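Number of protein chains: 2
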Amino acid sequence: MFSNRLQEQEAAGRDPLIGDLLSITGPGSVLYKHEDLVAYECDGYVIHKAKPRAVVFPSSTEEVSRVVKLLYSRKIPFIPRGAGTGLSGGAIPIGGEVLISLVRMKKLLKIDLPNRRAVVQPGYINLKLSNSIAEKGYYYAPDPSSQRSCTIGGNIGENAGGAHCLKYGVTTNHVLGLQMVLPDGEILELGGVPDVPGYDLIGLITGSEGTLGIVTEITVRVLKKPEALKTVGALFDRVEDASHAVSDIISAGIIPAALEMMDQTAIEGVERGNYPVGYPKDLGAVLLIEVDGIAAGIEEQAEQIIAICEKRNVREVRAASSEAERTRWWNNRKQAFGAMGTLSADYIVQDGVIPRSKLPEVLAKIADISNHYGLRIANVFHAGDGNLHPLVLFDARVPGETDKAIKAGSEVLKACADVGGTITGEHGVGIEKKEEMRYVFSEEEIALQLAVRDVFNPENLCNPDKMFPSPSRCVEVKQAAAAAP
Amino acid sequence: MFSNRLQEQEAAGRDPLIGDLLSITGPGSVLYKHEDLVAYECDGYVIHKAKPRAVVFPSSTEEVSRVVKLLYSRKIPFIPRGAGTGLSGGAIPIGGEVLISLVRMKKLLKIDLPNRRAVVQPGYINLKLSNSIAEKGYYYAPDPSSQRSCTIGGNIGENAGGAHCLKYGVTTNHVLGLQMVLPDGEILELGGVPDVPGYDLIGLITGSEGTLGIVTEITVRVLKKPEALKTVGALFDRVEDASHAVSDIISAGIIPAALEMMDQTAIEGVERGNYPVGYPKDLGAVLLIEVDGIAAGIEEQAEQIIAICEKRNVREVRAASSEAERTRWWNNRKQAFGAMGTLSADYIVQDGVIPRSKLPEVLAKIADISNHYGLRIANVFHAGDGNLHPLVLFDARVPGETDKAIKAGSEVLKACADVGGTITGEHGVGIEKKEEMRYVFSEEEIALQLAVRDVFNPENLCNPDKMFPSPSRCVEVKQAAAAAP
Chain A
1 MFSNRLQEQE AAGRDPLIGD LLSITGPGSV LYKHEDLVAY ECDGYVIHKA
51 KPRAVVFPSS TEEVSRVVKL LYSRKIPFIP RGAGTGLSGG AIPIGGEVLI
101 SLVRMKKLLK IDLPNRRAVV QPGYINLKLS NSIAEKGYYY APDPSSQRSC
151 TIGGNIGENA GGAHCLKYGV TTNHVLGLQM VLPDGEILEL GGVPDVPGYD
201 LIGLITGSEG TLGIVTEITV RVLKKPEALK TVGALFDRVE DASHAVSDII
251 SAGIIPAALE MMDQTAIEGV ERGNYPVGYP KDLGAVLLIE VDGIAAGIEE
301 QAEQIIAICE KRNVREVRAA SSEAERTRWW NNRKQAFGAM GTLSADYIVQ
351 DGVIPRSKLP EVLAKIADIS NHYGLRIANV FHAGDGNLHP LVLFDARVPG
401 ETDKAIKAGS EVLKACADVG GTITGEHGVG IEKKEEMRYV FSEEEIALQL
451 AVRDVFNPEN LCNPDKMFPS PSRCVEVKQA AAAAP
Chain B
1 MFSNRLQEQE AAGRDPLIGD LLSITGPGSV LYKHEDLVAY ECDGYVIHKA
51 KPRAVVFPSS TEEVSRVVKL LYSRKIPFIP RGAGTGLSGG AIPIGGEVLI
101 SLVRMKKLLK IDLPNRRAVV QPGYINLKLS NSIAEKGYYY APDPSSQRSC
151 TIGGNIGENA GGAHCLKYGV TTNHVLGLQM VLPDGEILEL GGVPDVPGYD
201 LIGLITGSEG TLGIVTEITV RVLKKPEALK TVGALFDRVE DASHAVSDII
251 SAGIIPAALE MMDQTAIEGV ERGNYPVGYP KDLGAVLLIE VDGIAAGIEE
301 QAEQIIAICE KRNVREVRAA SSEAERTRWW NNRKQAFGAM GTLSADYIVQ
351 DGVIPRSKLP EVLAKIADIS NHYGLRIANV FHAGDGNLHP LVLFDARVPG
401 ETDKAIKAGS EVLKACADVG GTITGEHGVG IEKKEEMRYV FSEEEIALQL
451 AVRDVFNPEN LCNPDKMFPS PSRCVEVKQA AAAAP
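Protein chains in written order, with the UniProt record's numbering: chain A, 1 to 485; chain B, 1 to 485.
Since the hints were made in silico from the structure, they are not lab data. Quick caveat: nothing in here was measured; it's all calculated off a predicted structure. It is possible that part of the hints are untrue.
Treat identical chains as interchangeable: a pair holds within one or across any two.
Stated by the list, open to error - Here are the simulated DSS-like pairs of lysine-lysine, each with C-alpha atoms no more than 25 Å apart in a straight line:
#	residue 1	residue 2
1	281	311
2	75	358
3	49	281
4	167	358
5	407	33
6	136	404
7	407	365
8	106	404
9	407	358
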């Protein structure tokens, strides 16, 4: 709860920084009490927790700039934060940071449909953008599962994906311009049109997890809604058959808007969740395959997909019979992470990427890892992209189990990297996978990335020590994370 | 012509650098004689010319690395060069550079169709990739007009586009991995899968015009060929009607694979070129609109496009009646730049980008500029992307006309920037548009980009002084360019 003026004056007396922040952002815009800060100890990655020094809520680019200049001048580290839905701990403090929450900067600033663009503030909720232009027949493509609550600013930080990225690409493919506050407080404008000359700094900043500055205004591309949609659900006895069907669909030259898979454990979870579909308990895998485009060809594409599944021993396959059924299928899928709570006290979502052809091999390896650690692993994935989300289920109350879950998750990522894949598709590196960066980068490559960071963030004050392992510290951070309450 | 061993020994005696280069790349791999170097004085941008110190032809990444280490150790500047088809002078020497030609590194290293990837050396010709996988039903999407001769390495440097980028994106959307030699000679590997964690260095390097290092191996995405194609040709009396038709097509939710326009002057040129179609002489504009996808919907999309054109006073509109006719239409369009030679002794191709809705306004402004300078300007453009290619026609033999053409081109770019557009869509900045970078970037923004360059290229030896204006020198370079023979 925000304090009244008197309380704020007292707080400023105890810690001048609070007073200085309040003088920039006004009364009722800074949290500093222990009980208020607890909610900001972590984001969607709950393994590591640490209290921020304070949370400040600026309302404008100008205020962000002044807050950052203040913190920069005092060498106080700071972290931008959106809705806190991130899954890799990118918005979790490490020690003494001030969180700069962007949730008050939540305006839709401009819609320019003739040029297919919209301009939003960073705290604007992802799904609101699509909703606000739906009537005119447009939408914003990137659709992370958290789209009802995550912010577009956070999406920029993580280069967020979603179920429909197979056809439409991830966030970086939809960002046309950025305004940002650099780590020294200066305001920078980038882009606004496609094909900006010079180096692609917009691309560099998208997915930089808040380590290069704080984005304060975003110009995104919006798309015309497809004329028609068709969603096919396919139920398989065996996950291998489902994997082969995925390859066959892609090989047939079909580019589905979405191509999602859940395995048996995942199905068990979603069926216990808030949106059960009624999938049989003994299923090996479910595929959701959505095609979109002009109405004329949709029916035939769906039939072609059904025929492919039938050749791969599908138990049952059909198109959704109504928009209501389609929505039920998607709600069921999109709640998958949260629904794991019905199976297990705790879980870690992993986020590996592999070449599509390695799917059966990596799934077998994940089963081995699951057996080795005695922990169930549910697999939910954007199968068309080769983007796996293995969910490692564990119980933090059992001594040692958190540590085992972290190790199992890390081994899953190693398995992905070993087949020529990588350690994150859309959730970012954050605090969680800093060490795993070594699976895909050499010391020299990491040094080069850090040199790029230093151009923007030379003092490492802006979301410090995220994304990259620091030779002397990454092991301890990981251990501290594992030991955290 | 390459020299024999004896000549090479003599040359090495006169200039030890030649001997040192030959010792790395072997006999018959270095050009150094005046008559041989003349061919390397410029690339597709012929306004500025300067002789390189030598041209070296390495055959492997290892050789590139050793050549670069040698040059780096002696502080000798160098420039990577592909086929020399670039239109902004990115491969033109400024003073004393060694050109590193990649044309001997022209292998197709790997095709991995299940994962839709191919790995090529930088000297591999763009069109060869599509040709080599066409039988299996695949192709490589970026298709610059020069695709019969340009290299994929050069495409990376310029982030090349092409007629089909409206639907499929430019080069950067198709690069999955890079091997490169950094400006100090070290070899770096980046990516190989989508969604690489860390900063998007592949995106940073794509389009960096050879200023961050020399790309020596490229992993690209290949696509399944669409099941069906349909190309509509629409002939308009007035360019305004054609512009409105472009907007209407996009507004209707159709995303054509290509949406190209030529105005009256451009049509006059292409009709005199090698691939005349027989367009009437008094036409105001031609649109080529290509849709692709699954066979089922294609016919209806083409009909919808035809109906839209009919509402915009089209004189004649129909789909190509055969593959042969379609090829004729495209050959005619793709030779547009070269065909300007039939209208004028010389021309400069410009490359501005504007928000699509500003098309009529900017075309009117270009007409004003044309009148003001008394120089004809033909307009050929990727209308769907808002990417204009105004061709400023002039005669370099007429005193002062080159200078006028440069000024007119620059004013066209200013007009694009003034409506919220930018100065290059796909041709790069090179030596040509360094000064025009100021139309879109502040001093601070340019300084930030230079700081990023310094991370990779701290000594500015790798394609020095391209892309960015240097406060004290850009005016003189421009004047020197104008005064060049």
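How the hints compare with the structure:
When the C-alpha separation of residue 281 and residue 311 is checked against a cutoff of 25 Å, the pair qualifies only within one copy, where the shortest distance is 23 Å, while the shortest distance between copies is 57 Å. For the identical chains of this complex, residue 75 and residue 358 are neighbours neither inside a copy (47 Å) nor across copies (46 Å), given an alpha-carbon limit of 25 Å. In this homomeric assembly, residue 49 and residue 281 never come within 25 Å of each other (Cα to Cα): the closest approach is 36 Å inside a single copy and 73 Å across copies. Taking CA atoms no more than 25 Å apart as the test, residue 167 paired with residue 358 passes inside one copy only; the shortest distance there is 20 Å, against 29 Å between copies.
In the homo-oligomer, the alpha carbons of residue 407 and residue 33 never lie at most 25 Å apart, since the shortest distance is 35 Å inside one protomer and 62 Å across protomers. Taking identical chains as interchangeable, the C-alpha atoms of residue 136 and residue 404 are never at most 25 Å apart, the minima being 50 Å within one chain and 46 Å between chains. Taking the shortest Cα distances, residue 407 and residue 365 sit within 25 Å of each other inside one copy (14 Å), while across copies they are farther apart (63 Å). Taking the closest pair of Cα atoms, residue 106 and residue 404 never come within 25 Å of each other, the shortest separation being 40 Å inside a single copy and 49 Å across copies.
Taking the shortest alpha-carbon separations for residue 407 and residue 358, only the intra-copy value of 22 Å comes in at or below 25 Å, while the best inter-copy value is 56 Å.
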